[in-house]
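Participant: The sequence shown begins at 1 in our numbering and counts up one residue at a time.
What the hints contain is simulated information worked out from the structure, not anything from laboratory work. Keep in mind that a hint or two might mislead.
Derived pair list, reagent style SDA-like, types lysine to any residue, alpha-carbon separation capped at 20 Å [said to hold, decoys possible]:
id, residue 1, residue 2
1, K208, P141
2, K61, K111
3, K2, D234
4, K145, I180
5, K111, E76
6, K2, E283
7, K249, D234
If you're wondering where the values come from, they're calculated on a predicted model, not measured in any experiment.
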Amino acid sequence: MKFGLHISIAQGVEHAPLRAMAAHCECFQIFSRSPHGGTVRKIDAAAADAFKENLAKGEAKDFFIHSPYYINFASENNRIYHGSISAIKSEMEVADLLGARGVVTHLGSSKDMDGEQAKQKLVAGLVKVFEIPSSTKGTKPKYLKYRAKLLLEITAGSGNIMGDSFEEIGYFIEEVEKTIGKDILGVCFDTAHAFASGYDLRTDMAVKKTFSDFDKIVGLDRIKLIHLNDSAADLDSHVDRHANVGKGKIGIEGITAILHELQERDLDFVLETPSSGSEDDLELLKNIRKEIIR
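Use the sequences and the hints to build the structure in full.
Facilitator: What follows is the structure, given as structure tokens:
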């Protein structure tokens, strides 16, 4: 188990590994661009080389890129839909350039169409992320094989947000991989989102049931990253509000149970808790780990 934080890329992506080292991270997550859209600053070869040099100086070798928040693979607005596909393609390219283990993405909202139509459009959009454009009509599409994995993040399910159930996540993975090949997609399991979606994580028994259900429906091997967040919102509230570790509705018992349940797996855990207490949260997790594995 390796623990880390979401790290700023202010003044350039190459500075992120040094910030991660200063915060005593064992892994970390970044945005490669503004999460809210706008001008995208190109990461050139010099910046990528500087990033890798700084990465080699610290303990944290595993890192992940989080995609922008505006991604919506189920939008009827072509600018948003095709912009989402283009943005994730770009993020996957950046991930391979820098050496990231994966790109985390939200999936979008079905508010523009009925549920089944939205699911089909979402699957088609994910497939297009991997499709190699061809100028010849009628030829069978070919697909890119990125080194990084595209990780579908479980959501809290507020409104018409998609990807809030294990069944939906499993469906999207299965349908996309029917077309582009096996073992292409992974999962980012956000504990606060899963809890808000109705999956109990407050006790040993609840945690065992939740991850047993996930294993049956999706497969635990699909989880490549855990967003280890406590939840300020209630179970099954469908409200996305993170809390510092032990200060929310999951609580310290639940967080400890999650770590105990997943301790045998080679997983990275990134905190997205309120920044005022995130480094304290990181230290708390390391202390819990000592108790679990001693």
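Participant: Each hint needs a verdict: does it hold in this structure or not?
Facilitator: Okay, the hints, checked on the actual structure:
no.	hint	verdict
1	K208 with P141	41 Å, violated
2	K61 with K111	39 Å, violated
3	K2 with D234	27 Å, violated
4	K145 with I180	9 Å, holds
5	K111 with E76	9 Å, holds
6	K2 with E283	12 Å, holds
7	K249 with D234	6 Å, holds
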